[in-house]
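Enquirer: Residue numbers (the numbering used here), protein chains in the order written: chain R, 2 to 359; chain S, 2 to 359; chain E, 2 to 359.
Be careful, since some hints might not be right.
[To be verified] Computed list of lysine to aspartate or glutamate pairs in DMTMM-like fashion (alpha-carbon distance at most 20 Å, straight line): (1) R:292 - S:125; (2) S:72 - E:135; (3) S:299 - S:277.
Keep in mind the hints are simulated off the structure, nothing from the lab.
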Amino acid sequence: MARLTEIGWEDFHALPLEAKRAYLERTEGDGMPYHTLFAQQFDRATLERLCALANRIRFINKSKEGALYLKSVLAHKRAMLYFSQPSSRTFLSHLAACQIMGLTTGSVRDAATSSEFKGESHEDSIRTFSSYFDMIIMRSPEQGLAEKMAWELSNSSRPIPILNAGSGKDQHPTQALLDIYTLVRSFEEKGGLDGRTVVFCGDLMRGRTVRSLSYLLTNFRDVRQVFVAPQELQVPADVVMILAKKGIDFEVTDDLRGAVKTADAVYMTRIQDEWDSSKGASAKIDTSRFKFGAEELKLLPKDGIIMHPLPRRDEIATCCDHDPRAMYWRQMRNGMWIRAALIAGTFGFEKTVMECGY
Amino acid sequence: MARLTEIGWEDFHALPLEAKRAYLERTEGDGMPYHTLFAQQFDRATLERLCALANRIRFINKSKEGALYLKSVLAHKRAMLYFSQPSSRTFLSHLAACQIMGLTTGSVRDAATSSEFKGESHEDSIRTFSSYFDMIIMRSPEQGLAEKMAWELSNSSRPIPILNAGSGKDQHPTQALLDIYTLVRSFEEKGGLDGRTVVFCGDLMRGRTVRSLSYLLTNFRDVRQVFVAPQELQVPADVVMILAKKGIDFEVTDDLRGAVKTADAVYMTRIQDEWDSSKGASAKIDTSRFKFGAEELKLLPKDGIIMHPLPRRDEIATCCDHDPRAMYWRQMRNGMWIRAALIAGTFGFEKTVMECGY
Amino acid sequence: MARLTEIGWEDFHALPLEAKRAYLERTEGDGMPYHTLFAQQFDRATLERLCALANRIRFINKSKEGALYLKSVLAHKRAMLYFSQPSSRTFLSHLAACQIMGLTTGSVRDAATSSEFKGESHEDSIRTFSSYFDMIIMRSPEQGLAEKMAWELSNSSRPIPILNAGSGKDQHPTQALLDIYTLVRSFEEKGGLDGRTVVFCGDLMRGRTVRSLSYLLTNFRDVRQVFVAPQELQVPADVVMILAKKGIDFEVTDDLRGAVKTADAVYMTRIQDEWDSSKGASAKIDTSRFKFGAEELKLLPKDGIIMHPLPRRDEIATCCDHDPRAMYWRQMRNGMWIRAALIAGTFGFEKTVMECGY
């Protein structure tokens, strides 16, 4: 933490993502974050520690005694959920994570209430929340805001951690964490994630989840990435460049069925038409071949899994829902556990929980 | 629980209400509900057990030690209050019931937030909530939705109980429970509810509370029911038919004062003009003779009670509020206790609470 | 408490503020409030007890064990936050105070939800909340409403305390408490508040915080009050009259810099243009000389402090924020502690907390 106080905002902001990582750790070299701002701040070791902690928490939580123990771990802490861009799903998942670890919470989650803060600067609003709470979990339509607020708070007389629950089109690090956790967990008794093939399908241009997950997968060995999309929605060049530079094996295609046959995981995404530059632009794109249904299910290897960040429209047919390979509901629940792990880790309770008697 | 997985949705949905009861029990033949969907699922024995449990909880809660014990009973559980049809009164009562038993809660309660879920199917939304919580308390303008969701969840890989906090014009089972609890409690030291006369007055056509309570009263012996309303708002034929079939003594009249003289309980209701088929239709009906005021108070027997589901407009004059027979405020508070009892029972803690040392 | 039941509403309402005080105490002559309705109900002894209790609570809360102890003190109580006039800042501060002392909470805080209650009388709404909760923390645009509700509840079969979190243009007693607490705390190791000079600057006509704080300062010895404002926004005659009657040393001026030189505390306020009688009226007033910036900072004595009730616009330049004399962020956090103290005191736990072993 000390270090964000030793660098000016402009200098910090200008650093490449990977160089920012060191400034966000709880303690130097520990890996565990104090502020969680972007997916790229997690290296493999930290990802695996968080997955292990999430596994531990979900196991402890199975018994009533264990659940009550977990609720005692952070019972002296209070978290503020500041969602100026409403999202009930992400809100509830973070809320549940807080409740599991015992934090009490306050929230601003609707446009009407949050507009009250429009008269004042973001800095002042965040300082207000930091007066009353011990952590701020924030979601905002404004790109980069979480990063700025983290720097501001670290340089205030009341530094508290920021957890970015989504900022603009840009970053949604806990979504990336839950995706990695789902993959790690799905393959942990089948030889692990190294060497697997992950197929991304849908709107790969505008989905921030794809960008983050693609990056985090480069932390693992020999994970092949396949991008399946209509040409207009294909994965952007900067993502491809990172993979090429790192020597990652990847493929860009429009053949979903071909890709499914070789997939260990198929990551389906929704067409994000809310970002259309002109209304209805997405509707003109033929997306019919980029949906997962009964046919694709037949082609998927027996150990393969189907993922989706949800909500879905018709990218995955409901007939797939009861297939044991459909992982998207469990993926959502995984989000709650990995967020509980992240919050415990942020406050320095990783070791306490890992080594407790439950 | 096992049993909802052994019947298809169409078959289940087509069953008569009483036949559905067995599918909703925690364990076969136990009576205590797992899903609470409609008033008719409660038989007399279960009603009396819930009333006894509510009495026990309110007694235990009188001391600080008792209150803290109660908060420990379900401290390992989390409830989701999903109110797509806002109702702060019902919301707060369920919230308080959860808090008494120690559950932490999440909520969606305003139209703006809940509209986010409109893009996805009800099934997917409910699966989302079931990922993060251990119980869903739901209120919806859509008739039958709670029943569908209960079936869906019971057939998912994460079955959790549904508590219907009001669905459409149709069912509001916990309102019926609190009405019964208020009657049982009011007469428990005066010989009980059997043989009493209950007078319903007001908008009997559209009030779902009247329909539910009328039905539940048939579980008791010789409870005479009197329906007082303007002709346009009288009790519907299907309610009358059930009473007739069961050989219940009942009367349909427009003479409130005459009815009050013989009443053990007078259940006043509000004109529900929000359901008017054309705007202002209710305003044309002369309801002046269907209000409870100083005159009616004089006519009411000294052990008689006045009930109202609240909110009221002018159906009961405020001059009645301080009369010891005015039971409507206590009735509201009873709602909190019976809901706490229902939640405790749903999770299988009836015996634990009944037999605890407090 | 007994006493509000011995006086009719009209008689109580007509009493001068100071005469009402005795009716609001927990127990006769104790000073500690049962209902908290207006700033003027606090005498110096009670203010000092609340400040001491707030200090104690913030000290205890520093350790995890202490924080958990505090959470146990009122864990058997539930508070309702009824904010029909939304204010997230005040809402969150009261919420955090409740959480620190262990109360669970329910809330109505948005216009849409609270409009549901418009169909019924305020009395009925408040009775509803009193059915489910043990305390009502209310904010309302309606002047005097909290007082009426306190009288109503004290005369009902379920009396519970009312805490006024702001009613109309009129009263906001907990803001006055946190202001006093900030002053007391800032000077407690420097000889105390007696004999100090407090400078008020900005919109002194419409700020209820100025009115309340000015009054409470008369409880202390020889506190000189200086009012700095453009003529159109100067302190109203009734405030001046109270000071004159009590023989308080005060000054009315438009010279901020001159006042700052002699100030122990400068209390800056925002132009409250939301109360403008015609739109834009405030914008025509030249307020440029009533802002605190780098120049004023130079003139402020080294032990002087800068206060602001927040939110601010440009009344205080952000370049002042890191000066150790800038007290406004700590002032906000003080609000949380003094409210926690007030709630503990309201429920009779002052002694318990003051004498606990932490």
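Enquirer: Taking 20 Å as the top limit, are the C-alpha atoms of residue 299 of chain S and residue 277 of chain S close enough?
Expert: The hint is violated at about 33 Å.
Enquirer: What's the verdict on residue 72 of chain S and residue 135 of chain E, does the C-alpha distance respect the 20 Å limit or exceed it?
Expert: Between residue 72 of chain S and residue 135 of chain E the Cα gap is close to 16 Å, so the pair holds against 20 Å.
Enquirer: Holds or violated: residue 292 of chain R and residue 125 of chain S, Cα atoms, limit 20 Å.
Expert: holds (17 Å)
In this structure, only the earlier hint numbered 3 is contradicted, and the remaining ones agree with it.
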